[in-house]
Amino acid sequence: MDDRYKDRYQVILALFIIGTVVLLFKAMQLQVFDNKYKTGGENIAVDQVTTFPSRGLIYDRNKKLIVYNDALYDLMVTYNQINPQMDTAKFCRLLDIDKNTFEKNLNKNWRSGRFSKRKPFLFLSKISAKKFTRIQESLYEFPGFTPRLRNVRGYPYPYAAHLLGYLGEANQTVIDTSEFYGLGDYKGVSGLELSYEEQLRGEKGTRFLLKDKFGREVESFNNGDSDILPISGKDLITTIDIDLQGYCEELMQNKRGSIVAIEPQSGEVLTILSSPTYDPKSLALSNSDRGKNIKQMSDDPLKPFFDRSVMSKYPPGSIFKTIVGLVAMEEAIIGFSDRLICKGSYHPGGPGTKGYKCHKHEVQVDIPRSLQHSCNTYYWRVFRDIVDQYGESLPRRGLDIFSDYLNKFGVGLQLGTDYPREGKGHNPNSTYYDKRYGEGKWKSGYIQSVGIGQGEIEMTTLQMANLAAIIANKGTFYIPHLAKSFSDTTQIDKKYRTRREVGISSYHFNSVTEGMERVLKYGTAQNVLIPDIAICGKTGTSQNAGKDHSIFIAFAPKENPKIAIAVYIENGGFGNEVAAPIASLALEKYIRGDIKEEYRQRLEKRMLAKKLIKEP
Amino acid sequence: MSDRNLDWITFSLYICLVIVGWLMIFAVGYDDGYEAGIGNFFGTEAGKQTIWIGISLVAMIFIFIIDWKFWQTFSTIIYVLAMVLLVLVLFFGVKIKGQVSWFRFGSFAFQPAEFAKFATCLALSSYLSSYGTSFKINRHRLIALGLISLPIGLVMLQPDAGSALVFSSFLIMLFRAGMPSSYYLIGGFVSTILLLSLMYPIPNVLVGMVLLSVIIFAANTKKTLYPILGSIVLAAASYFLVVKGYTIEALIASFVILSTLGYLLWNDRKQRLVTIFYGFLIVGTVLAYSANYAFNNFLKSHQQVRIDAWLNPEKPGSKELYQVVQSKYAIGSGGIQGKGFLQGMMTKLDYVPEQDTDFIFCTIGEEQGFLGSMSIMLLFLMLLFRLVIIAERQRSSFSRYYIYGIAGIIFVHFFINIGMTMGLAPVIGITLPFVSRGGSSLLIFTLMIALVLKLDSNRYHI
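For the record, the sequence lines run as chains A and B.
Per my numbering: the first sequence = residues 1 to 616.
Per my numbering: the second sequence = residues 1 to 462.
Hint data in this document are derived by calculation from the structure and do not stem from the laboratory.
Treat the hints with care, since some could be wrong.
What the hints assert, rightly or not - Under the rule of at most 30 Å between Cα atoms (straight-line distance), these lysine-lysine pairs were calculated in the DSS-like manner:
(1) A:589 with A:605
(2) A:204 with A:281
(3) B:339 with A:26
(4) B:95 with A:117
(5) B:244 with A:26
(6) A:6 with B:136
(7) A:99 with A:119
(8) A:187 with A:495
(9) A:495 with B:300
(10) A:443 with A:408
(11) A:119 with B:48
(12) B:69 with A:6
(13) A:104 with A:295
(14) A:494 with B:300
(15) A:117 with B:48
(16) A:521 with A:596
(17) A:64 with A:484
(18) B:48 with A:108
(19) B:300 with A:204
(20) A:313 with A:484
(21) A:547 with A:611
(22) A:204 with B:95
(23) A:119 with B:339
(24) B:95 with A:119
(25) B:95 with A:187
(26) B:339 with A:117
(27) A:204 with A:131
(28) A:354 with A:443
Claimed, not checked - Over 12 Å on every C-beta distance to chain A, these chain B residues come out as not near it, computed from the model:
(29) 11
(30) 51
(31) 64
(32) 80
(33) 81
(34) 110
(35) 148
(36) 196
(37) 225
(38) 281
(39) 295
(40) 357
Quick caveat: nothing in here was measured; it's all calculated off a predicted structure.
We put the CB at the ideal spot given by N, CA and C, even for glycine.
All chains should be built: construct the whole structure from the sequences, respecting the hints.
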């Protein structure tokens, strides 16, 4: 039945023959006629080598270089390319290693599957540039050994360790899940090095080399036309003012706590620090004591790795009264000039019942004066009025309205900054208290201490600085961020360029600002008044198991504020004891560039010398 | 099975290829730790291949024992089973280099696409040889093409372009079975235009098409000499213009000549030819532009990159560049005589990735030179010839189609695999039959050949 198509077998045979002839001709061209592939009769081969991009540099807001690249070399070896007669003694002498190390680094466990005698593997890492120049001249005598240039970080300033972060080797999980990293590649581990890893790292390239039969590089393949050049990482211009950062770090010597300073009109972070800190150089990959330093710091009970500026949540203390006052005015619980009476204590059950102590100050207080004196009675009452605005039996609704305002201020949420490992603080709402006391089993009186920033309310230092910025801006803010721009046209994330509202009318801020100005002029922080800078501030003293924490938020100048700051000193005592002086010095330094008057210089000296951490 | 009827020529060719493969795998692995004794030998790649050769020979005996009718009777069930496995591998397979092509049970790995090639060959032969199937009926043509398209679709989901291409080898079997040749002409034309339009700038492809028409027109004019001379001059001029970058001018010039020739032919009462070629030009142009448009607008950028690398593996920046360049250096450095067994420097230094699997031909080229390359190619050609001869002497059409199917599969594997090591074909991971390392591939090709031998030995029993 298919005899009709029998002749088609000839077509099929022809196809097979044509296919084979095509292959034969190509093989003949490659192996017989084309001399490109057998230059000089030697065995020449192309090899590909990964070229590493240089990592982006990091600058401060005034284009001062704060992180640069340092050269460091790894020596790679391909076992099968080593000359068995090589001068091992000379080689070891050049590298400052002994014969045992040489043997150990060279003879790997070939059966483990992790190393191959034909693939380059790491022989010796972290050779300094100085040592490398000495080796380089003689390297040609040792085929099989190839250098690999690595960029590691160098730091001109001993400051900003936490915010810059450090580099480390990419771990196995990262290598397995990403296309970019290979074994032994460096990668940002913390801080900005981590946040902006993608922008800073650049793109790897590939070089094609011609090699001879000993594996020695002869020349570049195809005149380098086939090479893929590495693309350098983008430089990062940060919002940090390195001078202010350094000054603040000096002031925080021997104290535990954190400082955050923000430029209110842009949300740019000028300074962010946590104390105790460390010198960034101690964790640089070129530092031979790096491993020891890491161990030592991990074991340190003062936890220098712990970043208090964003990871610690602290009770805010009296600085929180600013928010309570603002919410009360917006919710029409109280007018800005309405006065309440405080005779030094608060008696929620009426005169003669159990009382809570306030401190001595003028008897009739409105918003500005309550802030000036940090009157507890005023804020206990106002806070309870907010919570009970739908009646004492319905505290849940009132509290949740308050809690929603706090969320808008960024309390209880991550602000979404570009600084890694940001904490949330704690914003207790009705669900939280229902869990704690049982549903419907709690009243405003149970939680009144929140009104003065004690109890369950907790904020990060970053959130406190942001609060100061919000007040300075009269109700708006940008998410605090540390990246200003990049060396190319890349813009920072849009969320950092979007202005946010906290939902409180701007005129309510006038009385709070006035109160904060009075704090320095007549109130709790008179000791840090600077006559010709209009600083608005608020002290806080937060009770805890040990000595009180000393807290201060401020912005300055009053008109067109340039800087908002929060200073939190653990166990520093009253707000005006340590936190307020340090904050005022930072403000003066930033605004005037210098500490002018002699009495201020004496204050500076005292603060620098103050020790709150006992020497071990 | 009686030994008298075994086709010793095919069997010997098979054994030769397997031995060559083993030697080359040994050469690649040599130096990588043969210091130790026999116990370790079976841990090396050559040792593992030895075990697989043993398994394959046992499987071959197994095929010889089973009655040959089994395969025709159960071909549908085997085909369904293979398709089910192709679906299951998408869900339960392990991902290797972005492809989900393998099942893994402990240290044993199995690639269902390999089995599907065998199963499809059986099912298709069985369908074509069954009573009532006729290629005069359109529906039957469609069913036959459908039997091929289903596994192609499934392996493309993995995605495994190499295996998909191998399934197209069944078109050879269909051709022998009487699929209309016009299908092949049209299919060949369309795929050539599509490929060319993606590999080269479209105007260049158009110039090529117009020039081809000009030559055919010229050959058909009455006054033969001048038009032919003229078109040769024109072809040279156009080529020169295209090289210099004046593609559009070349296109216009050649088109003017084409129109003139077309006019002459029209008056010569060769309207049909002119119409066909103008139709061919218009369809070709539309195809080229739409392929390009689809490529640029409907494919995601990573798909574009992949196809681009597929078509131009030697373009700077392509991932395959290194592999292909290396491979060409290795083959080229072999010269005429080769460097000798175990003397391949590039083999030893492991300069070519995947040197004992898909790029095994490099080792042959480097160590055995052009003589070795030629021998391997001729071995394959002899095997293919022998298979065609065997196929034609079958009385059962099932056997004949089956053997053509196997010959087709081996041809595509052989051509694409060696082609890609020399930069002629896209780098898609398919093996060199019987030679490449890899148990799955060796076992399935052995089964294929074993059944060929079994069917052939029973050719008088019908």
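Each hint tested on the structure:
1. Between residue 589 of chain A and residue 605 of chain A, the direct Cα distance comes to roughly 14 Å. Compliance with the 30 Å bound is thereby established for this hinted pair.
2. Between the alpha carbons of residue 204 of chain A and residue 281 of chain A the distance comes to roughly 26 Å, so the proposed pair stays at or under 30 Å and holds.
3. With a C-alpha separation of about 19 Å, the suggested pair residue 339 of chain B and residue 26 of chain A falls inside the 30 Å cut-off, and the hint holds.
4. Our distance criterion of 30 Å between C-alpha atoms is met by residue 95 of chain B and residue 117 of chain A, whose separation comes to about 27 Å.
5. As the CA atoms of residue 244 of chain B and residue 26 of chain A are separated by approximately 27 Å, the hinted pair is consistent with the 30 Å bound.
6. At most 30 Å may separate the alpha-carbon atoms for a hinted pair to count; residue 6 of chain A and residue 136 of chain B meet this at roughly 16 Å.
7. Proximity of residue 99 of chain A to residue 119 of chain A is assessed by CA-CA distance (about 23 Å); at most 30 Å being required, the pair is judged to hold.
8. Restraint check for residue 187 of chain A and residue 495 of chain A: the C-alpha separation of about 25 Å stays at or below 30 Å, so the hint holds.
9. Simply put, residue 495 of chain A and residue 300 of chain B have alpha-carbon atoms about 29 Å apart, close enough for the 30 Å limit, and the pair holds.
10. For the hint pairing residue 443 of chain A with residue 408 of chain A, the CA-to-CA distance comes to about 24 Å; that is within 30 Å, so the pair holds.
11. Annotation: proposed proximity of residue 119 of chain A to residue 48 of chain B holds, straight-line Cα distance about 22 Å (limit 30 Å).
12. In summary, the hint linking residue 69 of chain B to residue 6 of chain A is supported, as the alpha carbons are separated by about 24 Å, within the 30 Å threshold.
13. Annotation: proposed proximity of residue 104 of chain A to residue 295 of chain A holds, straight-line Cα distance about 26 Å (limit 30 Å).
14. Taken as a hint, the residue 494 of chain A and residue 300 of chain B pair is honoured in the structure, with Cα atoms around 26 Å apart against an allowance of 30 Å.
15. In summary, the hint linking residue 117 of chain A to residue 48 of chain B is supported, as the alpha carbons are separated by about 20 Å, within the 30 Å threshold.
16. For the given pair, residue 521 of chain A sits about 19 Å from residue 596 of chain A by alpha-carbon distance, which is consistent with the 30 Å threshold.
17. Simply put, residue 64 of chain A and residue 484 of chain A have alpha-carbon atoms about 13 Å apart, close enough for the 30 Å limit, and the pair holds.
18. Under the criterion of a C-alpha separation no larger than 30 Å, the hint pairing residue 48 of chain B with residue 108 of chain A is consistent with the structure, at around 24 Å.
19. A hinted pair counts as satisfied when its Cα atoms are at most 30 Å apart, and residue 300 of chain B with residue 204 of chain A qualifies at roughly 23 Å.
20. Between residue 313 of chain A and residue 484 of chain A, the direct Cα distance comes to roughly 27 Å. Compliance with the 30 Å bound is thereby established for this hinted pair.
21. Distance check on the hinted pair: residue 547 of chain A and residue 611 of chain A sit about 14 Å apart at the alpha-carbon level, within 30 Å; holds.
22. Restraint check for residue 204 of chain A and residue 95 of chain B: the C-alpha separation of about 26 Å stays at or below 30 Å, so the hint holds.
23. A C-alpha spacing of about 22 Å is found between residue 119 of chain A and residue 339 of chain B, which places the hinted pair at or below 30 Å, so the restraint holds.
24. A hinted pair counts as satisfied when its Cα atoms are at most 30 Å apart, and residue 95 of chain B with residue 119 of chain A qualifies at roughly 24 Å.
25. Restraint check for residue 95 of chain B and residue 187 of chain A: satisfied, since their Cα atoms lie roughly 27 Å apart, inside the 30 Å limit.
26. With a C-alpha separation of about 22 Å, the suggested pair residue 339 of chain B and residue 117 of chain A falls inside the 30 Å cut-off, and the hint holds.
27. As the CA atoms of residue 204 of chain A and residue 131 of chain A are separated by approximately 26 Å, the hinted pair is consistent with the 30 Å bound.
28. Straight-line distance between C-alpha atoms of residue 354 of chain A and residue 443 of chain A comes to about 17 Å, which keeps the hinted pair within the 30 Å bound.
29. A cut-off of 12 Å between C-beta atoms confirms that residue 11 of chain B is not in contact with chain A; the least separation is 20 Å.
30. In this structure residue 51 of chain B is separated from chain A by more than 12 Å, as the shortest Cβ-Cβ distance comes to about 19 Å.
31. Remark: the non-interface label on residue 64 of chain B is consistent with the geometry, its nearest Cβ contact in chain A lying 27 Å away (cut-off 12 Å).
32. With a cut of 12 Å on Cβ distances, residue 80 of chain B stays outside the contact zone with chain A, its closest approach being about 27 Å.
33. For residue 81 of chain B, the non-interface assignment is confirmed: its Cβ lies about 29 Å from the closest Cβ of chain A, beyond the 12 Å cut-off.
34. The claim that residue 110 of chain B is not at the interface with chain A holds, since no C-beta of that chain comes within 12 Å of its own (minimum 22 Å).
35. Remark: the non-interface label on residue 148 of chain B is consistent with the geometry, its nearest Cβ contact in chain A lying 17 Å away (cut-off 12 Å).
36. The Cβ of residue 196 of chain B sits about 17 Å from the closest Cβ of chain A, beyond the 12 Å cut-off, so the non-interface label holds.
37. Residue 225 of chain B, annotated as away from the interface, keeps every beta carbon of chain A farther than 12 Å; the closest lies near 31 Å.
38. Separation of residue 281 of chain B from chain A is adequate, the least Cβ-Cβ distance of about 26 Å exceeding the 12 Å criterion.
39. The beta carbon of residue 295 of chain B sits about 23 Å from the closest Cβ of chain A, which is more than 12 Å, so the claim that it is off the interface holds.
40. The beta carbon of residue 357 of chain B is kept farther than 12 Å from every beta carbon of chain A, the shortest such distance being approximately 16 Å.
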